[in-house]
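Peer 1: Below are the chains, spelled out letter by letter.
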Amino acid sequence: MRTNISRHKIRSPFVAKVEELSGQNLLACYQCGKCSAGCPAVSQMDILPNQIIRFAQLGLKEELLKSNSIWICASCLTCNVRCPKGINIAEVIEAVRQILLRKREDHVKVEELSDSERGDVPPIALISNFRKFTS
Amino acid sequence: MKLSYFPGCTLKNHAKNFEDSALCSLKNLDVEVEEIRRWNCCGTVYSLATDDLIHHVAPVRNLIRAKEAGSDKLMTLCAMCYNTLKRSNERVRSNPEDLDIINDFMYREDIDYKGDVDVVHLLEILKNEIKFENIAKKSVKSLKGLKVASYYGCYLVRPQEIGFDDVENPMIMDELMTALGAEAIDFPYKVECCGAYQTVDKPEIIADRTNQILSSSLKQGAEVVTVSCPLCAFNLDQRQKETQQKFPEFKNIPILYFSQLLAIALGCPQDSLRLDLHYIDPKPILKEKGLI
Numbered sequence: 001m002r003t004n005i006s007r008h009k010i011r012s013p014f015v016a017k018v019e020e021l022s023g024q025n026l027l028a029c030y031q032c033g034k035c036s037a038g039c040p041a042v043s044q045m046d047i048l049p050n051q052i053i054r055f056a057q058l059g060l061k062e063e064l065l066k067s068n069s070i071w072i073c074a075s076c077l078t079c080n081v082r083c084p085k086g087i088n089i090a091e092v093i094e095a096v097r098q099i100l101l102r103k104r105e106d107h108v109k110v111e112e113l114s115d116s117e118r119g120d121v122p123p124i125a126l127i128s129n130f131r132k133f134t135s
Numbered sequence: 001m002k003l004s005y006f007p008g009c010t011l012k013n014h015a016k017n018f019e020d021s022a023l024c025s026l027k028n029l030d031v032e033v034e035e036i037r038r039w040n041c042c043g044t045v046y047s048l049a050t051d052d053l054i055h056h057v058a059p060v061r062n063l064i065r066a067k068e069a070g071s072d073k074l075m076t077l078c079a080m081c082y083n084t085l086k087r088s089n090e091r092v093r094s095n096p097e098d099l100d101i102i103n104d105f106m107y108r109e110d111i112d113y114k115g116d117v118d119v120v121h122l123l124e125i126l127k128n129e130i131k132f133e134n135i136a137k138k139s140v141k142s143l144k145g146l147k148v149a150s151y152y153g154c155y156l157v158r159p160q161e162i163g164f165d166d167v168e169n170p171m172i173m174d175e176l177m178t179a180l181g182a183e184a185i186d187f188p189y190k191v192e193c194c195g196a197y198q199t200v201d202k203p204e205i206i207a208d209r210t211n212q213i214l215s216s217s218l219k220q221g222a223e224v225v226t227v228s229c230p231l232c233a234f235n236l237d238q239r240q241k242e243t244q245q246k247f248p249e250f251k252n253i254p255i256l257y258f259s260q261l262l263a264i265a266l267g268c269p270q271d272s273l274r275l276d277l278h279y280i281d282p283k284p285i286l287k288e289k290g291l292i
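Residue numbers (my numbering), protein chains in the order written: chain P, 1 to 135; chain B, 1 to 292.
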């Protein structure tokens, strides 16, 4: 993958927004990779959790917004409790999700779910799914 | 002892086996439980975005309901309710400005919330207040010979601030099972995420996790797996169907709430166990061990 890095991207409003919504200092990350090593979802992700932080540091907005990883993460918080720098990685991923959801770009379209997808699961599954994947 | 109780959305339907067995157990332990009036959904997940105050309104409103019931302690059974209520509570306790905004928003409530209700999980009540040794004394049926792997999942133990148990190696359910006479089985996937709400739109992920988690428990010799979260229970029990389809070598194992095993030990009637709500039938193994 070819990626262009620029001072403009690094100082973009996108990076500031991710830091604001997540409450995290992205530059605290030194890329040890422990978050990705312990993440139960990495096998399904196109960008790993440590890479999400790196991409966010560099302001690679388009790459992050189109990644499937932000929708694979279930906020299990394993990364958060293991980060040696105390960064809440799950909150950074939440911030990226929120940037899309707040523009009404829902990941799950409730009206397109089948009867069995809606009817067979308990309320706790539907509510949490819609809380995380719809605006 | 009298406790205010918050059931949450799933305890009244899919997880009725959790509620009925827990309430019967508490009755047999001489604890009076009162369900709070007019409770509402907690939201199921704690909002991770810094500015998202609106999603703390629902949890805080439930804390007002506890206060209205004259209680300074609110007990939950569901791990996700526990996490959401407790974290929202901590958030408004440590951010008085946020609490003011939320109280202003709920101006039609009779009282303001002042941060003076503690959120506790049933397991904490059992361990810290009733104490496991007293439960063992009141037990009328030993779980001796039953090999139980306790699965904690995510929201009962993470993040650290929840302060429930060790985040990597929680033991509270194992200790309870040991106190009831069962053999607690250790296994490496006890805090690994089951995939949670991905079960709605990506059930194939749940099949992968269920295969990993349950196969690991079976490899360690478990005969049943206990849980404390209705979403974990759904994924690990009902999704064994999809798991079996995806992994033909996968072997089934019954999933029980810890409260169901507690109810058996405390002599609760079998109808309080609601064993009809399970996909993988726990009755054969419970009969084999002489427990039902």
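Since the hints were derived computationally from the structure, they do not count as laboratory data. Remember, it's a predicted structure, so these values are computed and weren't measured experimentally. Take these hints with a grain of salt, some might be off.
Claimed, not checked - Computed Cβ-Cβ distance ranges for the label pairs, DEER-style: (1) P:Leu27 - B:Gly70: 34 to 42 Å; (2) P:Thr3 - B:Phe105: 42 to 50 Å; (3) B:Gly145 - P:Leu27: 52 to 60 Å; (4) P:Ser116 - B:Lys144: 36 to 44 Å; (5) P:Lys9 - B:Pro248: 31 to 39 Å; (6) P:Ala37 - B:Gly115: 36 to 44 Å; (7) B:Gly145 - P:Glu20: 53 to 61 Å; (8) B:Thr178 - P:Glu20: 41 to 49 Å.
Stated by the list, open to error - Taking lysine-lysine pairs in the DSS-like style, the calculated list, with each CA pair at most 30 Å apart, reads: (9) B:Lys241 - B:Lys114; (10) B:Lys287 - P:Lys17; (11) P:Lys109 - B:Lys289; (12) P:Lys66 - B:Lys246; (13) B:Lys246 - P:Lys109; (14) B:Lys141 - B:Lys202; (15) B:Lys246 - B:Lys141.
Glycine included, every Cβ here is placed at the ideal spot set by N, Cα and C.
Peer 1: When the structure is checked against the list of hints, which entries are broken? Sort them ascending.
Peer 2: 1, 5, 9, 10, 11, 14 and 15
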